[in-house]
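*Asks:* Below are the chains, spelled out letter by letter.
Number of protein chains: 2
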Amino acid sequence: MEFEQEKVERLLKKNFFISPSAHIYGGVSGLYDYGPYGCPLKNNFINFWRKFFIIEEMMYELDTTILTPYEVLKASGHVDKFCDLLVFDKVTGEFYRADHLLKQEFSKMEETDQIKRIIDNLDCLNIKECDEIIKAYEIKSPNNNELGNTTYFNLMFSTFIGPKTQNMAFLRPETAQGQFINFKKLYELNNSKLPFASASIGKVFRNEISPRSGLLRVREFEQAEIEYFVHPKEKDHPKFQTISDLKINLHFSKENEIQKTEKMSIGDAVKNKIINNQSLGYFIGRTKIFLEKIGINEEYLRFRQHKKDEMAHYACDCWDAEIYCSYGWIECVGIADRSCYDLTQHQMASKTNLNAHIQYSEPKCVEFWKPEIDKKAIASILKEKTGDFLKELNNLPEEFISKNLKNNILTFQNIEIKFIRNKKNIYVEEFVPGVIEPSFGIGRIIYCLCEHSFYTRKEDEERGVMKFVPRMAPLKVVITLLKQTPSLQLLLTNLKEEMSKNDISFLINTRNVSIGRKYASNDEIGVPFFITIDLQSMSDKKATIRERDTMEQIRVPLEKIPILIQQLCNNNVKWENLKNEYGLFVFKEEQNI
Amino acid sequence: MEFEQEKVERLLKKNFFISPSAHIYGGVSGLYDYGPYGCPLKNNFINFWRKFFIIEEMMYELDTTILTPYEVLKASGHVDKFCDLLVFDKVTGEFYRADHLLKQEFSKMEETDQIKRIIDNLDCLNIKECDEIIKAYEIKSPNNNELGNTTYFNLMFSTFIGPKTQNMAFLRPETAQGQFINFKKLYELNNSKLPFASASIGKVFRNEISPRSGLLRVREFEQAEIEYFVHPKEKDHPKFQTISDLKINLHFSKENEIQKTEKMSIGDAVKNKIINNQSLGYFIGRTKIFLEKIGINEEYLRFRQHKKDEMAHYACDCWDAEIYCSYGWIECVGIADRSCYDLTQHQMASKTNLNAHIQYSEPKCVEFWKPEIDKKAIASILKEKTGDFLKELNNLPEEFISKNLKNNILTFQNIEIKFIRNKKNIYVEEFVPGVIEPSFGIGRIIYCLCEHSFYTRKEDEERGVMKFVPRMAPLKVVITLLKQTPSLQLLLTNLKEEMSKNDISFLINTRNVSIGRKYASNDEIGVPFFITIDLQSMSDKKATIRERDTMEQIRVPLEKIPILIQQLCNNNVKWENLKNEYGLFVFKEEQNI
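Respectively, the protein sequence lines represent chains A and B. With my numbering as the guide, the letters of the first sequence map in order to residues 1 to 593. With my numbering as the guide, the letters of the second sequence map in order to residues 1 to 593.
Bound conformation, chain A alone:
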């Protein structure tokens, strides 16, 4: 299937689903406003996501602030690592994202093995490597000018809270950190039991260097993220059976071969250790069901496993839900087992206990790392700071120690400490929980959904139809009067009130154009049902409902319309059934003379 990027984007802009922000001032690349059709489409996504994940799975929803103090994002690693490489044209002063520029330049060259290796590795360059490549291959700017030295550019927007410039803050680059730093309160709310999940839906910000690719690479977007807190050694999921037979397209590689797609059940993928654990598998399954329910074409959906070198160092497995569209395979949902990294980082930086614990009725023997402390030697270096140092040392999370230990030596605050493996009997086991994180990029999914939903009819190739499922459609109904008479107006007023009472979003089309043009504009914004009140409606108290994709019509009593529409939208009744019940209606012109 060919996806029609240009036609879809034209339709979205023409009908004000979206529009470049501040367009009357020339706009800003990477910023888009959602208009009167895009906004409800996004709201429908969010409401359904909330029902499907948060309410159905009884997650704790949080709405944490966008403004995030420096300390939080320093601890999470974003201050140091959330960067792209930046180069600039020495003549024009224009900035470029180094990996994008190099990819563009190398793709013009003959593809030798060496160049292929460079291209594959562009994601992971550091400043020095980047400068070396630019020098070795004499890479120029797109204007054929010399490039300045490479620098890091942090992708977070920064600002200051209050009048003091020492209070630096960032616009959050993800909702996750706000959830992590509330872990302790959530854990208490959950009666100090694992597992449980929190979730957040909200705006996040990434200061892309020079965003292109329309709606897919933007600087401000909506994210829906789940953090599933779990015992790091017990990652089975209580509801795994409900999705284990589900077959999905997995894109992964066996033993360093190149990645290939294979359709298999999630149960098999977990059993064969392709997917690391049940909890990860469970969320992959739920994600697939969700995406299909909103109208993503299953054929163009795959779950791609991160390669070892592309995964964050702390993650133990990571899968992206990728959706295929005119831009290729697009990462739309990331589902990562982040192990205990995040809570460990915040525990150390905030010096707050973020452990979970299990109480045993019998003592349990456990192994742990114990520092061999030479107090005198330390005191000779640290002087009066020795006490604080020892306290911190004794509170180091096991997770941190085992990750950073080299030959049983840990370098902590520039001091080398030897650790030995020890055993003890405990009644309470304390540990840093693991986190499994499904993270949805809402704008990208919506864009892909628009491409998957778009089609044209043979008789009108220029005009598009959006076949949104009713649950997602920005409006459920358009209503029109075939004639403007006071008694028809009255029927309309009554119908409007009943529609409002039933929470159905609708539009009255009063434009003075043919019914055919009204259908066409209806179909273009993806409204599933179109109601016409005609002259006969006065006598038979009925109106016609037209279904968008079949273009078929039925004629039903006006009083039944709101409940029928509601049932159609909730999938409680099928169009087929209504057609059988009421019969196909064929419009006869003389009825309205």
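Each hint should be verified, as a subset may be incorrect.
Cut-off 30 Å, straight-line C-alpha distance, at most; resulting in silico cross-link-like pairs (DSS-like, lysine-lysine) [as the list claims (entries may be wrong)]:
id	chain 1	residue 1	chain 2	residue 2
1	A	K239	B	K496
2	A	K164	B	K103
3	B	K13	A	K193
4	B	K293	A	K51
5	A	K247	B	K103
6	A	K14	B	K51
7	A	K51	B	K542
8	B	K293	A	K164
9	A	K164	B	K542
10	B	K164	A	K90
11	B	K164	A	K496
Honestly, the hints are just simulated from the structure, not real lab data.
Following the hints, put chain B in place on chain A, whose structure we already have.
*Replies:* Relative to the frame of chain A, chain B by itself:
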């Protein structure tokens, strides 16, 4: 009635309705996270607001970006005027908001007429006046140190888009500007007809100097704003009759007396020119109905008219919905007739036509201001820029000219131009639409709602109850099993599934505590209905529902529970009626032995 600030805030924090952001890092004043009960409370507000205003009134919802380019907020006046006066302690370097500090200091002094006048005028000081007062009254900092010179502090958070520091942007201080700059697209979508309304719900940001007052003065909060675009001379509202008999508390002054509250119908208030026009009155009425429906106590709600000197210079009338709570009367909704100011500003700054137009079938004679142009004189000053200047001059909106004209002279780009009143026949009238703006501060309303909802029972003064209406309650139902047996578990599982299917948010309380403690924790978070499955449920397939405020119980068939709960929450059935139908249930201990 006494509102219990301390008890309410303790309850909200203890149950994680809210929590200071980044609390494990010490928190940041003026930033709060919404937790697992606060977040659904806010979601319920937003969903009901969307239904009540946007869907029922068929408004165009927009979601525009938070990041807003400099040009937009320069044109709107925020760059120059959205400031507070800042003073600092010369010794500690601590910053203070000047008006707050002065108010505090003057309230310690004897209240002479002069001091009273100063206090009344603190809102409107400029830098010079502020410095003079500090000097004259020898005002010191709270630490009794000398104060440095007063400066302006802009309340917008600023940042930079992309790597270039010339691309300055702000976090929007209101959603309104995003709507104004999309006016033209909305107008076209509405078939170039007035009136119509747009609406936005989203985060806004104000960099308060040193926010106190808990949840009432915060740096990041959610706003719901409507912009009703209307012909500036035709402000009658088509649905005015639906609210004209509504009696409301109006707080206003007649002929410069001090403001007093008077209860009167909106119809009378508009007729007597107390409220400027029907559209303003309509939104005042709708706001009152909305606030009552979510549970605000009508007795503690008033609409206060802005005094002439407190209103923005361009506004023609402005009313604040104020809600009384322990902090006093709090401004929660602003309903302002902003006249044509905003669109005029953006039209001039962006040089985009933001006019509406009316087509006449017969020519219509209209008056307008015409510049008397002495081209030679202008050319001698402006040289090659004369052409551009004349073009801009001829495109100046009428609104702008009449506001700025003094003795028929307009000073435009430092040149004095004389205007004369002229007449012409037109077929198309072009004009800048007026805007009426109801603007809701969601967090403030929610905080007041919490104070209005809180009460304690005589038998347990320490424990609070939140009497949220079902529509607003963060959870609709808590379910518990009186005994943990596999067959009761099965009943629970079935009930859970049915609840989920019906979109009812619920919680299972599995804590091993007495039923009395479960009720208490249920009441504290304001859950209206509590369901108990007991041993008898196995034989009679029934369970009890307890209503929070009456503490009465009924016993109903399990299969009927989801639909009954849904009807109770939607107000389609009353507890009284169910009590009559099923009879009061009194729990007998032996039933569960």
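*Asks:* Each hint should be assessed against the structure and marked as holding or not.
*Replies:* Going down the list of hints, with the structure as the test:
no.: 1; hint: K239/A / K496/B; verdict: 14 Å, holds
no.: 2; hint: K164/A / K103/B; verdict: 23 Å, holds
no.: 3; hint: K13/B / K193/A; verdict: 21 Å, holds
no.: 4; hint: K293/B / K51/A; verdict: 24 Å, holds
no.: 5; hint: K247/A / K103/B; verdict: 68 Å, violated
no.: 6; hint: K14/A / K51/B; verdict: 26 Å, holds
no.: 7; hint: K51/A / K542/B; verdict: 27 Å, holds
no.: 8; hint: K293/B / K164/A; verdict: 42 Å, violated
no.: 9; hint: K164/A / K542/B; verdict: 62 Å, violated
no.: 10; hint: K164/B / K90/A; verdict: 14 Å, holds
no.: 11; hint: K164/B / K496/A; verdict: 51 Å, violated
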